[in-house]
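There are 2 protein chains.
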Amino acid sequence: MATDPVYLSNRGNSIRQNQGILQESYAQYAMDKHHGTENPDGIINMATSENKLCYDLLHKRLTKPDMLYISPSLLQYSDWRAHTFLREEVAKFLTHYCRSPKPLKADNVVVMNGCSSLFSCIAAVICDPKDVILIPTPFYGIITEDLHLYSDVKLFHVPLDCEADGKDGRPFHLTVGKLEEGLKRAKQQGLTIRAVILMNPHNPLAEIYTPEEMIAFLEFAKRNELHSIVDEVYMLTVFDEHVVFHSVLSVDSLPDAQRTHVMWGMSKDFAMAGTRLGTLYTENNDLLEAMAQLGSFHGISGTTQHQVAQLLKDREWISEDFLPENRCKLKAAHSYLTGELQSIGVPYLDRPASLYVWADFRESTFEEELSLWRRFLRHKVVLSCGQAFFCSTPGWFRIVFSDQHLHLQLGQSVVSVLYDLLKTNEESDKSVEEDSAESDNAAVVNSTSSPHSKSSDQQKEKDSPVPDTGSLATKEFVLQDCQASKPTDSLDSLIGTLRHQIHASDWLEKNTPELSAGEDPEILDVFKALLQSARK
Amino acid sequence: MATDPVYLSNRGNSIRQNQGILQESYAQYAMDKHHGTENPDGIINMATSENKLCYDLLHKRLTKPDMLYISPSLLQYSDWRAHTFLREEVAKFLTHYCRSPKPLKADNVVVMNGCSSLFSCIAAVICDPKDVILIPTPFYGIITEDLHLYSDVKLFHVPLDCEADGKDGRPFHLTVGKLEEGLKRAKQQGLTIRAVILMNPHNPLAEIYTPEEMIAFLEFAKRNELHSIVDEVYMLTVFDEHVVFHSVLSVDSLPDAQRTHVMWGMSKDFAMAGTRLGTLYTENNDLLEAMAQLGSFHGISGTTQHQVAQLLKDREWISEDFLPENRCKLKAAHSYLTGELQSIGVPYLDRPASLYVWADFRESTFEEELSLWRRFLRHKVVLSCGQAFFCSTPGWFRIVFSDQHLHLQLGQSVVSVLYDLLKTNEESDKSVEEDSAESDNAAVVNSTSSPHSKSSDQQKEKDSPVPDTGSLATKEFVLQDCQASKPTDSLDSLIGTLRHQIHASDWLEKNTPELSAGEDPEILDVFKALLQSARK
Chain H
428 MATDPVYLSN RGNSIRQNQG ILQESYAQYA MDKHHGTENP DGIINMATSE NKLCYDLLHK
488 RLTKPDMLYI SPSLLQYSDW RAHTFLREEV AKFLTHYCRS PKPLKADNVV VMNGCSSLFS
548 CIAAVICDPK DVILIPTPFY GIITEDLHLY SDVKLFHVPL DCEADGKDGR PFHLTVGKLE
608 EGLKRAKQQG LTIRAVILMN PHNPLAEIYT PEEMIAFLEF AKRNELHSIV DEVYMLTVFD
668 EHVVFHSVLS VDSLPDAQRT HVMWGMSKDF AMAGTRLGTL YTENNDLLEA MAQLGSFHGI
728 SGTTQHQVAQ LLKDREWISE DFLPENRCKL KAAHSYLTGE LQSIGVPYLD RPASLYVWAD
788 FRESTFEEEL SLWRRFLRHK VVLSCGQAFF CSTPGWFRIV FSDQHLHLQL GQSVVSVLYD
848 LLKTNEESDK SVEEDSAESD NAAVVNSTSS PHSKSSDQQK EKDSPVPDTG SLATKEFVLQ
908 DCQASKPTDS LDSLIGTLRH QIHASDWLEK NTPELSAGED PEILDVFKAL LQSARK
Chain Y
428 MATDPVYLSN RGNSIRQNQG ILQESYAQYA MDKHHGTENP DGIINMATSE NKLCYDLLHK
488 RLTKPDMLYI SPSLLQYSDW RAHTFLREEV AKFLTHYCRS PKPLKADNVV VMNGCSSLFS
548 CIAAVICDPK DVILIPTPFY GIITEDLHLY SDVKLFHVPL DCEADGKDGR PFHLTVGKLE
608 EGLKRAKQQG LTIRAVILMN PHNPLAEIYT PEEMIAFLEF AKRNELHSIV DEVYMLTVFD
668 EHVVFHSVLS VDSLPDAQRT HVMWGMSKDF AMAGTRLGTL YTENNDLLEA MAQLGSFHGI
728 SGTTQHQVAQ LLKDREWISE DFLPENRCKL KAAHSYLTGE LQSIGVPYLD RPASLYVWAD
788 FRESTFEEEL SLWRRFLRHK VVLSCGQAFF CSTPGWFRIV FSDQHLHLQL GQSVVSVLYD
848 LLKTNEESDK SVEEDSAESD NAAVVNSTSS PHSKSSDQQK EKDSPVPDTG SLATKEFVLQ
908 DCQASKPTDS LDSLIGTLRH QIHASDWLEK NTPELSAGED PEILDVFKAL LQSARK
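So the protein lines, in turn, are chains H and Y.
Per the working numbering: the first sequence = residues 428 to 963.
Per the working numbering: the second sequence = residues 428 to 963.
Bear in mind the hints are in silico, worked out from the structure with no lab data behind them.
Some hints could be false.
Straight-line Cα separation of at most 27 Å, DSS-like style, residue types lysine-lysine; simulated pairs [to be verified]: (1) H:Lys581 / Y:Lys519; (2) Y:Lys557 / H:Lys557; (3) Y:Lys740 / H:Lys491; (4) Y:Lys529 / H:Lys491; (5) H:Lys532 / Y:Lys532; (6) Y:Lys581 / H:Lys557; (7) Y:Lys532 / H:Lys740; (8) Y:Lys532 / H:Lys519; (9) Y:Lys557 / H:Lys581; (10) Y:Lys557 / H:Lys487; (11) H:Lys460 / Y:Lys519; (12) Y:Lys460 / H:Lys491; (13) H:Lys460 / Y:Lys557; (14) H:Lys487 / Y:Lys460.
Keep in mind that this is a model prediction, so the values were computed, not measured.
Produce the entire structure from the sequences given, and follow the hints as far as they go.
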């Protein structure tokens with residue numbers, strides 16, 4: 428049915444039309460999820476930050492008999508901050524894993540159905556409509572909607588530069604100076620600034636800030652009477668045993684405890700985004716009371732509260748089973764992805780945390796970045812591009828690596844092939860055009876590839892209106908039917924196809940090979956090697 | 428810690444301070460819940476509309492093995508309108524139990540964590556801030572917060588009169604004429620009116636509207652281009668088998684399907700308020716799309732979605748076990764409560780639906796009503812008073828009867844004793860003062876008691892500032908220690924105490940007897956009989 432804006436209010440129409448790149452990515456993926464046998468030509472999702480490596484562990488724990496429990500109070504209305512038993516377990520859990528010097532209190536905990544809800548609530552109670560909150564960019568873009576949709580609060584961006592600044596600097600280096608500068612600009616614009624959002628480990632940079640850095644940021648907030656909203660949802664997702672993450676809850680005496688609010692949740696560290704559970708720890712009673720009033724909009728099923736409490740109190744399972752195995756799997760997946768990026772010469776930030784890598788496919792404009800994002804999507808791989816995170820330099824992408832190895836291989840192979848092709852075209856262009864590709868002085872790790880301009884053909888594609896990726900994909904995407912034949916047959920067939928078609932201008936665009944999950948994963952590697960050599 | 432308003436915004440402070448009578452009732456109760464052995468002098472809750480009669484049935488079903496199920500997708504992000512499997516089960520369930528002439532569609536279903544969330548979302552997308560929605564009074568007061576806290580939408584009240592109007596009229600009779608009149612008044616005030624809320628069965632009236640009435644209301648909405656938000660959360664809570672409830676989803680052709688949105692949920696009909704699950708059915712795609720955008724704030728755990736889907740698809744359990752037994756228990760509890768009300772001469776609306784009775788303890792002012800409410804609370808029984816539902820006549824109370832028999836007996840006995848005492852005092856006052864107690868021509872069912880004025884003593888109590896009920900209760904409330912002695916001993920002791928003290932002016936105020944759940948429930952009845960005769 429055609430849209431008739433008369434049904435909704437102005438606000439409603441604006442909410443309805445709110446569709447960013449991240450939402451679109453997920454929507455495309457949701458309609459056409461890759462599945463080894465049921466939908467082998469579906470989309471590989473390297474955009475959504477989810478950990479899909481620990482399902483076996485979780486399944487085992489979550490189907491134990493203690494999870495199937497019902498009591499009258501679980502079926503009845505309860506405290507909107509969550510049942511006491513759950514808040515107590517959260518307090519104990521945070522005390523232990525955040526290494527708090529004193530026991531954290533259940534009364535300082537609010538549990539809601541996810542961190543989006545917590546962001547929305549906090550914004551509603553510390554800000555009036557149109558107030559702003561400072562945030563360094565790039566950042567996990569969904570926070571924009573979390574603060575705006577209900578609570579009408581805007582973010583004020585503090586851009587971090589991808590170039591390292593000075594001898595101690597890092598790419599995207601967050602400093603107090605930059606925060607001060609951002610605050611000054613916001614004030615000059617007459618805005619009311621109420622808070623700063625600090626993410627540690629960072630999303631999408633995967634940066635881990637030291638206690639000294641975090642305290643400096645909190646001191647900045649204190650000096651300026653800003654609340655600090657500290658998002659630590661990746662605190663246990665650190666996969667290098669030599670790196671220690673320091674929660675602000677481990678700090679003996681916070682600069683401004685009444686204005687420091689710490690978020691955590693089950694989505695990332697426990698790979699349970701579908702459980703919808705986020706926690707807030709704060710000593711500010713006013714905030715706690717106000718949040719409780721909004722709790723009726725963000726309640727969690729009593730049975731889910733029970734299950735999460737059981738999980739959080741099972742310290743043995745967490746520390747001896749889940750975390751070590753999770754770290755090991757994350758490390759392997761991270762190694763694989765970064766190895767692949769290195770092999771195609773894509774720079775990235777090498778960080779031992781989170782579920783993603785922040786990689787530099789440097790482009791000249793955000794239009795080009797979006798075009799590359801669309802090209803990946805047309806070839807059935809969805810990534811998150813930098814502009815969805817308000818990155819100030821075009822061409823950065825967040826690539827999620829915490830997926831089954833075959834998905835990761837398939838996705839990464841498409842990325843590699845497309846990127847290789849891009850580079851090849853570009854190099855041949857360069858010899859003809861000799862145009863102004865400047866040298867890349869970004870202090871990124873592991874590579875020194877240079878930015879590239881695009882051929883006029885590619886440019887044309889990029890300038891065309893947003894394609895209907897759903898139908899386009901169906902038209903352009905011809906699946907290599909590897910299932911119908913034995914692996915060796917399909918390899919022969921692939922080689923033949925490759926030999927004949929590889930030099931046709933847009934063959935790779937039109938025929939991204941895909942191997943089903945049911946097949947021998949090695950085929951993919953072989954295929955890739957063949958692809959490389961065939962192109963020479 | 429003392430409140431420092433500097434931490435929160437103006438909006439935040441106003442949210443924090445939002446504390447109505449219903450919220451206060453629940454907060455008091457939550458701090459001091461009655462329990463037979465662990466807290467025998469705790470508060471009996473006859474205020475919160477929860478069904479506590481079916482726990483055994485639910486426990487049995489909810490601990491069956493099919494409830495303990497985990498799949499990868501349940502642990503991952505999903506469609507914010509809910510998983511398809513759940514929306515499909517909701518559509519099938521509503522098709523069957525609402526007797527829809529054609530199968531309802533999963534795509535027209537949104538599932539969120541409770542009906543408060545649905546109200547908040549609908550308000551956000553069909554209204555701009557400060558717009559209003561029409562609602563007949565009395566109504567379930569929490570809707571005020573549901574629409575206002577996040578979405579800044581106000582209700583415009585259409586008062587219904589407790590007196591029957593004309594020969595076909597009923598008390599609190601909702602008519603199209605009254606809606607038209609309300610709309611006219613709202614327009615005269617320059618307000619933008621976007622919708623009307625219709626509850627069927629009604630809360631707190633328990634009124635069941637006929638299909639003809641509902642269609643007339645929907646026609647009114649259509650004529651005036653208003654959305655109709657139809658709340659049917661009590662649709663299966665009809666306990667007279669001769670009465671058939673008609674959902675608007677059973678209507679062949681709705682007057683304005685694009686503006687008709689039907690709410691239902693698990694809280695009332697399945698006695699699972701703690702599960703936090705509400706459903707919306709609408710054919711309006713704009714609304715569905717806009718609601719989906721807000722869904723990230725109102726998500727439900729994947730495992731809970733699975734459990735509810737299992738329950739809803741178990742048609743045999745619902746229709747052959749749960750509903751018949753639930754109806755039977757509700758009918759018995761309703762009979763008991765209404766019998767007690769009759770015996771003390773309190774008029775009430777006799778309706779075969781819902782979990783509560785709307786009863787007439789007629790008072791002259793809302794201050795007096797509030798004072799009576801406080802008096803009940805001081806004696807450890809919490810009810811909901813009419814002003815919490817914006818009733819236009821003082822003295823009406825909503826009494827929830829769907830609790831274990833002993834709780835119901837204990838609560839009702841306190842209500843009866845206090846009310847009897849009130850009447851006795853009043854009658855003796857009357858003979859002295861002969862003041863202006865007007866005759867009661869309210870067309871309420873089952874009684875013709877007249878309104879009463881209060882003695883000056885009582886009036887003094889009422890005019891005193893709001894007491895700290897918690898501490899007052901502790902001071903005033905002396906528990907009869909029935910547990911320490913055998914039933915007969917405690918009866919003897921009670922009789923003795925009664926004989927000596929019953930004529931002291933405020934003895935009942937100070938010494939409400941209470942019997943623990945561990946004792947023979949008959950004691951209570953005996954005690955009550957004794958109390959009656961002792962006072963003669």
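Taking the hints in turn, this is what the structure says about them:
As the CA atoms of lysine 581 of chain H and lysine 519 of chain Y are separated by approximately 41 Å, the hinted pair breaks the 27 Å bound. This hinted pair checks out: lysine 557 of chain Y and lysine 557 of chain H have alpha carbons roughly 16 Å apart, not beyond 27 Å. Between lysine 740 of chain Y and lysine 491 of chain H, the direct Cα distance comes to roughly 24 Å. Compliance with the 27 Å bound is thereby established for this hinted pair. For the proposed pair lysine 529 of chain Y and lysine 491 of chain H, the alpha carbon gap of about 42 Å is over 27 Å, so the pair is violated.
Restraint check for lysine 532 of chain H and lysine 532 of chain Y: the C-alpha separation of about 46 Å exceeds 27 Å, so the hint is violated. A C-alpha spacing of about 21 Å is found between lysine 581 of chain Y and lysine 557 of chain H, which places the hinted pair at or below 27 Å, so the restraint holds. Taken as a hint, the lysine 532 of chain Y and lysine 740 of chain H pair is broken in the structure, with Cα atoms around 41 Å apart against an allowance of 27 Å. Taken as a hint, the lysine 532 of chain Y and lysine 519 of chain H pair is broken in the structure, with Cα atoms around 45 Å apart against an allowance of 27 Å.
Simply put, lysine 557 of chain Y and lysine 581 of chain H have alpha-carbon atoms about 21 Å apart, close enough for the 27 Å limit, and the pair holds. Between the alpha carbons of lysine 557 of chain Y and lysine 487 of chain H the distance comes to roughly 51 Å, so the proposed pair goes past 27 Å and is violated. Of the supplied pair hints, the one linking lysine 460 of chain H and lysine 519 of chain Y holds, its CA atoms being roughly 26 Å apart against a limit of 27 Å. For a cut-off of 27 Å, the pair hint linking lysine 460 of chain Y to lysine 491 of chain H is broken: about 32 Å separates their Cα positions.
Taking the CA atoms of lysine 460 of chain H and lysine 557 of chain Y, the gap is near 42 Å; set against the 27 Å cutoff, the hint is violated. About 37 Å separates the Cα atoms of lysine 487 of chain H and lysine 460 of chain Y, which puts this hinted pair outside 27 Å; it is violated.
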